[in-house]
Amino acid sequence: MKRLFLIEFHKLRNNRAAKILSLIYFILFSAIALFTSIKFNFGSIDFRLADQGIFNFPFIWHFNAYFVAFLKLFLAVVIVSMVSSEYTNRTLKQNLIDGLSKKEFILSKFYGVLGFAFASTLLLFIVSLVLGLIFSDYDEFSIIFSDLEYIFAYFLKLVGFFSLCLFFGILLKRSAFALGFLFLLWIFEGIVQLFVKFQAESLDVILNVLPLQSMSNLIIEPFTRLGIVKSAATQLNSEFTKSYDVEWSAILIVLAWSFIFIYSSWKLLQKRDL
Amino acid sequence: MLALHVTLARAFRLTGNHLALKTILKLKELTKKFGSLTAVDALTFDIQKGNVYGILGPNGSGKSTTLGMVLNVVNPSSGSFEWFGGDMNTHEALKKVGAIIESPNFYPSMSAEDNLKLVCKIKGVNYSRIDDVLEIVNLHDRKKDHFKSYSLGMKQRLAIASALLNDPEILILDEPTNGLDPQGIHQIREIIKKIAADGMTILLASHLLDEVEKVCSHVVVIRKGVKLYAGPVDELNATHGFFELKSEQKDKLKSFLATHSAIERYDEEDNDLIKAILAQPYEAKFLNQECFEKGILLTHLVKRKETLEEQFLKLTKNQ
Numbered sequence: 001m002k003r004l005f006l007i008e009f010h011k012l013r014n015n016r017a018a019k020i021l022s023l024i025y026f027i028l029f030s031a032i033a034l035f036t037s038i039k040f041n042f043g044s045i046d047f048r049l050a051d052q053g054i055f056n057f058p059f060i061w062h063f064n065a066y067f068v069a070f071l072k073l074f075l076a077v078v079i080v081s082m083v084s085s086e087y088t089n090r091t092l093k094q095n096l097i098d099g100l101s102k103k104e105f106i107l108s109k110f111y112g113v114l115g116f117a118f119a120s121t122l123l124l125f126i127v128s129l130v131l132g133l134i135f136s137d138y139d140e141f142s143i144i145f146s147d148l149e150y151i152f153a154y155f156l157k158l159v160g161f162f163s164l165c166l167f168f169g170i171l172l173k174r175s176a177f178a179l180g181f182l183f184l185l186w187i188f189e190g191i192v193q194l195f196v197k198f199q200a201e202s203l204d205v206i207l208n209v210l211p212l213q214s215m216s217n218l219i220i221e222p223f224t225r226l227g228i229v230k231s232a233a234t235q236l237n238s239e240f241t242k243s244y245d246v247e248w249s250a251i252l253i254v255l256a257w258s259f260i261f262i263y264s265s266w267k268l269l270q271k272r273d274l
Numbered sequence: 001m002l003a004l005h006v007t008l009a010r011a012f013r014l015t016g017n018h019l020a021l022k023t024i025l026k027l028k029e030l031t032k033k034f035g036s037l038t039a040v041d042a043l044t045f046d047i048q049k050g051n052v053y054g055i056l057g058p059n060g061s062g063k064s065t066t067l068g069m070v071l072n073v074v075n076p077s078s079g080s081f082e083w084f085g086g087d088m089n090t091h092e093a094l095k096k097v098g099a100i101i102e103s104p105n106f107y108p109s110m111s112a113e114d115n116l117k118l119v120c121k122i123k124g125v126n127y128s129r130i131d132d133v134l135e136i137v138n139l140h141d142r143k144k145d146h147f148k149s150y151s152l153g154m155k156q157r158l159a160i161a162s163a164l165l166n167d168p169e170i171l172i173l174d175e176p177t178n179g180l181d182p183q184g185i186h187q188i189r190e191i192i193k194k195i196a197a198d199g200m201t202i203l204l205a206s207h208l209l210d211e212v213e214k215v216c217s218h219v220v221v222i223r224k225g226v227k228l229y230a231g232p233v234d235e236l237n238a239t240h241g242f243f244e245l246k247s248e249q250k251d252k253l254k255s256f257l258a259t260h261s262a263i264e265r266y267d268e269e270d271n272d273l274i275k276a277i278l279a280q281p282y283e284a285k286f287l288n289q290e291c292f293e294k295g296i297l298l299t300h301l302v303k304r305k306e307t308l309e310e311q312f313l314k315l316t317k318n319q
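Line order of the protein sequences matches chains A and B. Numbering follows the numbering used here, in which position 93 of the first sequence is assigned residue number 93; successive positions increment by one, without gaps. Numbering follows the numbering used here, in which position 281 of the second sequence is assigned residue number 281; successive positions increment by one, without gaps.
The shape of chain B in the complex, shown without the other chains (with noise of 0.2 Å):
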């Protein structure tokens, strides 16, 4: 929870850092149709400078196709999407933008160093970039090594080089932690954490929750390519909260909450904890204290906002 708030803490700072907002891509009904399937039904969502997005949706929801159309590798059926404002092509617009996508892709018999250098020809950037990009990715003293001699992580975070070569305006992650061991999805979350932190508009992709909760200010979820819900975490999650309350006189507490007003009403969960929505901002101090009066001794008592995934479960549930 902890995590949740600093993050919210981090999207009031650079919204407010950012008081011009500048759009860097808005999508506009975007809609791509592989035969009968819909793959994203009409999307309409704009990326703000200096925000860090999180796309959320289970596997097979339309994310990659979504990133692919605006990253000029899919066709899109029908819809629009554009770039910095739309005065230039696609192609132009990417050589601003630092993406990786699913796998890492690169040539396998050029060394790390070598697959920069082309990266940067691409972009017409020049190399004075790739030793700094590879010291961020910890790669600098296996640069001469072919790429296929790389482990899966290492290419990874080799693709997240690459991404920062030009300096990009945004970045783009399609699930970057995808097939790693623990040690490498904790590196490229330190990575995406450090980068964060120095300002960077950043879109991420995934279906792991918790490592969009850990660094992301806004999330547009998305559920078999409609979209859900788009706009900051903090008004996805637009209630005061509950407690988590557990007693021996368990009755008692719930003929107290049932007439209480800052309570919306309760829930009985599985493990004998009640779960008491508020109504109103409250503090836990004070039903601590009220309970206590009325002679009910809680064993158990937290405040807490539900975390992304259960607001996410939640919301693709009801639709």
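Chain A with its partners taken away, still in its complex shape (with noise of 0.2 Å):
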């Protein structure tokens, strides 16, 4: 595994382009965080986001973990083109003729693709936790590392989208088609939850196994959970309840598609001749 592991750090490491998406991913990503942080002056009224206790312990975890998920396109292109220029270099082919299997080949991805989740989730706990620690209303050890959970939901949702970009780069052979059919998808479950919605709603089970929408469903958005929103809510609808917890159903859906997605990478990568 550490050798697998290695090789795709070393072609990464020597990547100009994987190495600048990947700084503009995380320098966005911190960027993110300190521009929460900024007082705004509106005439005179100061308006800081950080004061409207969305870096309250515990509930900074989910906040962040949703708010910054979206900066993972950054790094589905990054996946996606370590993936297609493997194949627009030949140096797939050259690297099976070196003695790596198919298998291994694709392990080395799924390594990478873990090394970037991993590495963003270090970095979400870190700026959350940094956050938290300056603006928290509480700061009580046992408050803080309470619900991190959504810290675990934030791993899996990278993983199982990286997956899902992976394998696109591996069918599709191609970095533009890969993100275009990722956006292909995207519409098309759109689609089906209008469909579903308006047409049929007895199938809204199926929604949940969608690859993106199961994906988006491991964390719920926080914004109906902040204190004001919650409030107003609550006072139209007395019966406004809402789970916003991680659920098991969605972490399954999710390491089910990941496993899928890379199992059926390795079975195209091996029935191609290349």
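Since the hints were made in silico from the structure, they are not lab data. Backbone N, C-alpha and C fix where the C-beta goes; we use that ideal spot for every residue, glycine too. Any given hint might turn out to be false.
Derived EDC-like pairs: lysine to aspartate or glutamate, alpha-carbon spacing no greater than 20 Å straight-line [claimed, not checked]:
#, chain 1, residue 1, chain 2, residue 2
1, B, 317, B, 269
2, B, 148, B, 102
3, A, 19, B, 145
4, B, 96, A, 221
5, A, 2, B, 92
6, B, 275, B, 264
7, A, 72, A, 221
8, B, 22, B, 92
9, B, 155, B, 102
10, B, 314, B, 210
11, B, 246, B, 210
12, A, 197, A, 221
13, B, 95, A, 104
14, B, 317, B, 210
15, B, 117, A, 104
16, B, 123, A, 104
17, B, 303, B, 283
18, B, 33, A, 273
19, A, 103, B, 145
20, B, 193, B, 135
Quick list of simulated restraints, FRET-style, between CB atoms [said to hold, decoys possible]:
#, chain 1, residue 1, chain 2, residue 2, range
21, B, 149, A, 195, 46 to 56 Å
22, A, 122, B, 29, 50 to 60 Å
23, A, 28, B, 148, 24 to 34 Å
24, B, 75, A, 13, 48 to 58 Å
25, A, 28, B, 38, 53 to 63 Å
26, B, 149, A, 272, 26 to 36 Å
27, B, 149, A, 194, 46 to 56 Å
28, A, 171, B, 199, 44 to 54 Å
29, A, 272, B, 182, 35 to 45 Å
30, B, 78, A, 171, 18 to 28 Å
Covered stretches of chain B (chain A as the covering partner; in silico rule of three or more C-beta atoms under 8 Å from a C-beta of chain A) [stated by the list, open to error]:
#, segment
31, 72 to 83
32, 101 to 115
33, 121 to 131
Each chain sits in its own coordinate frame; assemble them with the hints.
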């Protein structure tokens, strides 16, 4: 495992596009955190996002995990191109000739995916911890380290999403096609969602197993949980209750998808003549 | 012709040195079909340690597909192959093989050195030979430069360096001089000759016959995926050679040749040359003397064997 990870790391370290995109990603990541802590002056009103309670432990874990997840698109580009460039440079062929098996190749890419997901998660954890320590109203140890399942869910969400990118990269061999396909899948799931909502409500179970939807189900939007919004919602509808927990079913579905994507990537590569 | 003789001499020397032959690669009825096209048709041959093999065949004869199969990038339709006696996985075996195929494939934004480091990681060998192999192919002073800044000739030399990294049991070269300029071709040939002289087992696929002729002791000839011949170069050429003769007394010469016991038959070539094929070993000086005694003055007399090219053309035409 170490050998395969080091092989992938060696490739990424020496790939300029991957380096630049990853750097942008991690800078943006930190910049967003900084941005929220800026005080805005709207005339006489001082507004600071950080003062709205979003950085209170343990809510911050949920909020940040949800909020920064869209940045994963940057890394998706890196993942897709790190696969498709192996095809276009024909280095995949050379890797196999040099003695890497097809399984090892896919595994090394998967370890790369795990590496990216882990690094992002670690960064999320550190940034949230720092912001929380600065702005949170609560700082008891037990509160700080509660609700950490959102961090885990974030990790899983990235692993699932990157595995999907990896699969598209292997399937389509070109990064532009792979990203386009990702976009198509997103639209397709949107259409299915609309259809189910308006035409066939009894089918709404299947919404939970769509790949992108299942990943987004891992971390439910945190906005209605915010103090102000929540009180407004309860006033409008006194029975407003919603579970914000990370559901076991969602975890299992995403794990299953990740496995399916990686396994099919391997099978696909095995069947192909290069 | 001298080159062929030198090669043959080396072939004998090499086989002499390796009396206990070790089979490196064994192909059994290896077949590849692309749809209705059979690119490789039940190919069977062995590669023994210490020999230099040439795979000959016109473009599209299935050479690269065959190599692709044994190198784990093309899936065989049927048949099998085994590396080193078949007691290890193909990808494990390939760690002991050095191979370059068609075009040199490396990571463009990595330096030559980093590319080689990656190959070391894949093959599971340490970095100690990187400088040595770069020295062999004369790229040592450019090792920090990006691969994409290399010329085609340099890229191909880097590919050879990469194939030598693990001190391989066998070196596989697929069209190593394809697309190179004359200087590049010469450099690659010199490198191959040097490696071959060190006794390394080499499998060289090429449609350039003189390339193969200069270095190979054994050949496998394939056409349209079918094996026409596999064996030592000198057995492909199992005749005693022939004389090329020219004389102003052409008719007299012809009647003399027709009755000569050592001459099997003769053919008239386009440019007034007469090609007399030998039925048994015979020296040119005796023939010359006999002609002179009969009053035939030769203006041209050469004894030679057929070149690989002539044999190859004959072989592929007959089928």
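Going through the hints against the structure:
| no. | hint | result |
| --- | --- | --- |
| 1 | B:317 with B:269 | holds (18 Å) |
| 2 | B:148 with B:102 | holds (17 Å) |
| 3 | A:19 with B:145 | holds (18 Å) |
| 4 | B:96 with A:221 | violated (54 Å) |
| 5 | A:2 with B:92 | holds (17 Å) |
| 6 | B:275 with B:264 | holds (11 Å) |
| 7 | A:72 with A:221 | holds (16 Å) |
| 8 | B:22 with B:92 | holds (18 Å) |
| 9 | B:155 with B:102 | holds (12 Å) |
| 10 | B:314 with B:210 | holds (16 Å) |
| 11 | B:246 with B:210 | violated (26 Å) |
| 12 | A:197 with A:221 | holds (19 Å) |
| 13 | B:95 with A:104 | holds (13 Å) |
| 14 | B:317 with B:210 | holds (19 Å) |
| 15 | B:117 with A:104 | holds (18 Å) |
| 16 | B:123 with A:104 | holds (12 Å) |
| 17 | B:303 with B:283 | holds (8 Å) |
| 18 | B:33 with A:273 | holds (11 Å) |
| 19 | A:103 with B:145 | violated (31 Å) |
| 20 | B:193 with B:135 | holds (16 Å) |
| 21 | B:149 with A:195: 46 to 56 Å | holds (54 Å) |
| 22 | A:122 with B:29: 50 to 60 Å | holds (54 Å) |
| 23 | A:28 with B:148: 24 to 34 Å | holds (29 Å) |
| 24 | B:75 with A:13: 48 to 58 Å | violated (32 Å) |
| 25 | A:28 with B:38: 53 to 63 Å | holds (55 Å) |
| 26 | B:149 with A:272: 26 to 36 Å | holds (31 Å) |
| 27 | B:149 with A:194: 46 to 56 Å | holds (52 Å) |
| 28 | A:171 with B:199: 44 to 54 Å | holds (45 Å) |
| 29 | A:272 with B:182: 35 to 45 Å | holds (37 Å) |
| 30 | B:78 with A:171: 18 to 28 Å | holds (27 Å) |
| 31 | 72 to 83 | holds (count 4) |
| 32 | 101 to 115 | holds (count 10) |
| 33 | 121 to 131 | holds (count 4) |
Violated hints for the displayed structure, listed by number in ascending order: 4, 11, 19 and 24.
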